[in-house]
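S.K.: These are the residues of each chain, in order.
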Amino acid sequence: MIRYIIKRLLYLIPVILCVSFLVFALMDLTPGSIVDSMIPSDATPEMKQAILEQYDMDKPMLYRYAKYMYHFVQGDLGKSDISGESILNMYLTRLPNTLLLAVTSLFIAALLAIPMGIRAARHAGTLTDTLTTVVTLIGMSMPAFWLGLILLFIFSFQLRWFPAGGNMGFVSYILPSVCNGLNMMAGTTRQTRSAMLEVLNADFLRTARAKGVPERRVIWKHALGNAMIPILTTLGGNLSTAMAGSVVIESVFAWPGVGRLTAEAIMSRDTKLACGAVIMTTILYVVMMLLIDLAYAFVDPRIKARYVRAKKVRRRAVS
Amino acid sequence: MFGKKKKMNTQDQVVLSEQHDSDYVLEVSDLVVHYELENETVEAVNGISLRLKKGETIGLVGETGAGKSSTALAILNMVPDPPGVIKQGTILVNGHDMLHLKREELEKVRGKDISIIFQDPMTSLNPVMTVGDQIAESVMLHEPVNKAEAMERAKEMLELVGIPGERAGEYPHQFSGGMKQRVVIAIALSCNPKCLLADEPTTALDVTIQAQVLDMMNDLKNRLGTSLVMITHDLGVIAAICDTVAVMYAGKIVEYGTLEDIFNHTMHPYTEGLFNSLPRINQKGSKLIPIPGLMPDPTKLPVGCAFEPRCKYATAACREKPVENRQVSDTHTVLCCAYEDPDFMLDRRRKVTDE
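Same order as they appear, the protein sequences are chains A and B.
Take 1 as the starting number for the first sequence in our numbering and just add one per residue.
Take 1001 as the starting number for the second sequence in our numbering and just add one per residue.
No wet-lab data here; the hints were simulated from the structure.
One should not assume that every hint holds.
[To be verified] Simulated restraints on C-beta separations:
hint: 1; chain 1: B; residue 1: N1039; chain 2: A; residue 2: T241; range: 39 to 49 Å
hint: 2; chain 1: A; residue 1: I229; chain 2: B; residue 2: D1297; range: 50 to 60 Å
hint: 3; chain 1: A; residue 1: S141; chain 2: B; residue 2: V1085; range: 54 to 64 Å
hint: 4; chain 1: B; residue 1: A1211; chain 2: A; residue 2: I229; range: 31 to 41 Å
hint: 5; chain 1: A; residue 1: L131; chain 2: B; residue 2: D1297; range: 50 to 60 Å
hint: 6; chain 1: B; residue 1: L1099; chain 2: A; residue 2: R216; range: 48 to 58 Å
hint: 7; chain 1: A; residue 1: L111; chain 2: B; residue 2: Q1174; range: 30 to 40 Å
hint: 8; chain 1: A; residue 1: R302; chain 2: B; residue 2: A1211; range: 22 to 32 Å
hint: 9; chain 1: B; residue 1: P1302; chain 2: A; residue 2: T128; range: 54 to 64 Å
hint: 10; chain 1: A; residue 1: A124; chain 2: B; residue 2: H1100; range: 27 to 37 Å
hint: 11; chain 1: B; residue 1: G1165; chain 2: A; residue 2: I229; range: 44 to 54 Å
hint: 12; chain 1: A; residue 1: A124; chain 2: B; residue 2: L1224; range: 51 to 61 Å
hint: 13; chain 1: B; residue 1: S1176; chain 2: A; residue 2: A295; range: 44 to 54 Å
hint: 14; chain 1: A; residue 1: V103; chain 2: B; residue 2: A1211; range: 25 to 35 Å
[What the hints assert, rightly or not] Anything over 10 Å on all C-beta distances counts as not near chain A; from chain B, calculated:
hint: 15; residue: R1103
hint: 16; residue: E1107
hint: 17; residue: R1110
hint: 18; residue: G1111
hint: 19; residue: E1137
hint: 20; residue: S1138
hint: 21; residue: R1153
hint: 22; residue: G1285
Every residue, glycine too, gets a C-beta built ideally from N, C-alpha and C.
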């Protein structure tokens, strides 16, 4: 198990290299750069040269990338070119907002999706099932930014129930969580439905019923326990994405999270900050996915056995 | 969650067993089970009556599609609905009217008064629960015990079926097929049911394990005093453990009698056919005589005898009118109109008399 974790974490190295290089390259390819706004229109060529040199803009992109990575491997994400603040600090102060929003969204999604998916599966082919399909289709096809704007329009501007942006405590979480949660809910409902459909005809449910297990427990313990893996995959994928910070949702709700930080960094051409934020997000994402993989072992003993068996075989091969 | 139910359960148990004064643990009368599909109706069980006393074993024999498993599911009121419908009949399990109980009451009877062993042990166990938990779950549902006591009981049950109690914490994938079937049997017997249905419990196992499992079931049955309905297509299994035999064909019992009646005084041509298709070890070189043809399409059953197209004794009369059940002796009935002719005798019987 530990070997597996280490192996997965080692995969991070090439991923980080690729991701950071892409960020640097894309930022360089887009016209304009951070120094454009810094150089006054009446600057002398010497002044201009000095500013360019200060930001290494007179050197090729690869030089800047190499320099950045040189600091990065020493654990230094550097300082923002614009505010001069430590990038790591900027990221970490924004992160809790994003994480909390991710968790509340996930709760809303799971609380809606699992019962709905189970219901649809148990009544497959009936009106309930069709209605669920329609609801999930709407949920899937509604773009987050549009749903966000509609929610803001109704509940913030018309009804004035919730604040329109920023994080002002509990009430601020409701609209973005609902918006994010509804989008996650759609996919998870579909996944729950199909996973449950596969399990509902299983022989072991018949065994459970035959020994007098109440129907509710047959469904929620015996059936759902076996349908959990695909549901967990969908929910986990959603959670990881949400934890990485949704640029769209955070922008619509003016949410002070890492998604918006990244977006702002790109807008202001702050390459170092953008790259730092993306690398941090990548690490977070990969670690989350790993945690979900490990969670499978707790849901399904057969997967756990596979980890153990792999270890035994390896030991045998060594001896 | 379980606490409340346990109390109700034991009280009910007392009341119900007081009401129940019949000798029979299981009484099925005139059971009809149909599967109503969109454009056709599968007539799986067409009027079956069975009675089983305490400690008795009855065998249900017949080929695939004869309605044996549907009968078993109907006894538990677990016919998958839709498409399955129990059209008529009454089923009394230890005095409980299975077809008219509310769902909660039914859940109390299942596992406690009657339980079932399904055919395929590979898929009958929940892969994500330990076998101990699966046995203990049944105990906790039906008896006023806490989790630790239920687990103790689960371990005892495992020992009873020949699995070391320490293995209670293992998952089904860690057991072989025969071992899994033992676990399934342990679940079924965990609450000392009055009646046990065994739906081809050895079919999915290999031959060496079959004998072991059968021996064990026979032994447990005798020790616990459980009545057993053994569903099988294997006459050898029947001979080994049954007191009474019901031969089923196309959803009907064509011959019903004691083991002696069926094996030594065979009356129905179909039963004779089953015996002829058994290999005989003591007669080297003798050929098996299969029953020609196939079981009739259960969506289009004939008016007359369903076995008529495959029967070598068939006459025109067989096809035209419904067959009446004929009482041959106190214990023996047969569903065949050939016996309207008083001199009629099966070849099998004739041979025996000739010798």
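S.K.: Give a verdict on every hint.
M.R.: Here is how each hint holds up against the structure:
Against the hinted window of 39 to 49 Å, the Cβ-Cβ separation of B/N1039 and A/T241 comes to about 47 Å, which satisfies the hint. Checked against the hint of 50 to 60 Å, the C-beta distance between A/I229 and B/D1297 comes to roughly 41 Å, which is inconsistent with it. The hinted range of 54 to 64 Å is not satisfied by A/S141 and B/V1085, whose Cβ atoms lie roughly 40 Å apart. Checking the proposed 31 to 41 Å range against B/A1211 and A/I229 shows it holds: the Cβ atoms sit about 38 Å from each other.
For A/L131 and B/D1297, the hinted distance range of 50 to 60 Å is not satisfied, since their beta carbons lie about 38 Å from each other. For B/L1099 and A/R216, the hinted distance range of 48 to 58 Å is not satisfied, since their beta carbons lie about 22 Å from each other. The hinted range of 30 to 40 Å is satisfied by A/L111 and B/Q1174, whose Cβ atoms lie roughly 35 Å apart. Between A/R302 and B/A1211 the beta carbon distance is about 30 Å. The supplied range of 22 to 32 Å therefore holds.
Restraint check, B/P1302 to A/T128: a C-beta distance of roughly 41 Å breaks the suggested window 54 to 64 Å. A hinted range of 27 to 37 Å holds for the C-beta pair A/A124 and B/H1100, which are about 28 Å apart. Evaluation of the 44 to 54 Å hint for B/G1165 and A/I229 yields a failure: the beta carbon distance comes to about 30 Å. Between A/A124 and B/L1224, the C-beta spacing of about 40 Å breaks the proposed range 51 to 61 Å.
Separation of B/S1176 from A/A295 is about 29 Å and departs from the stated range, judged on CB atoms against 44 to 54 Å. One distance hint, 25 to 35 Å for the beta-carbon pair A/V103 and B/A1211, is violated here, with the actual separation near 57 Å. Under the 10 Å C-beta cut-off, the non-interface status given to B/R1103 relative to chain A is violated; the minimum distance is some 7 Å. A beta-carbon of chain A is positioned within 10 Å of the beta-carbon of B/E1107; the least distance is around 5 Å.
Listed as outside the interface, B/R1110 is inconsistent with that label: its C-beta sits roughly 4 Å from the nearest C-beta of chain A, within the 10 Å cut-off. B/G1111, annotated as away from the interface, has a beta carbon of chain A within 10 Å; the closest lies near 3 Å. Under the 10 Å C-beta cut-off, the non-interface status given to B/E1137 relative to chain A is violated; the minimum distance is some 7 Å. In this structure B/S1138 is not separated from chain A by more than 10 Å, as the shortest Cβ-Cβ distance comes to only about 4 Å.
The claim that B/R1153 is not at the interface with chain A holds, since no C-beta of that chain comes within 10 Å of its own (minimum 14 Å). At the 10 Å boundary, the C-beta of B/G1285 stays outside the reach of chain A, the nearest C-beta of that chain being 42 Å off.
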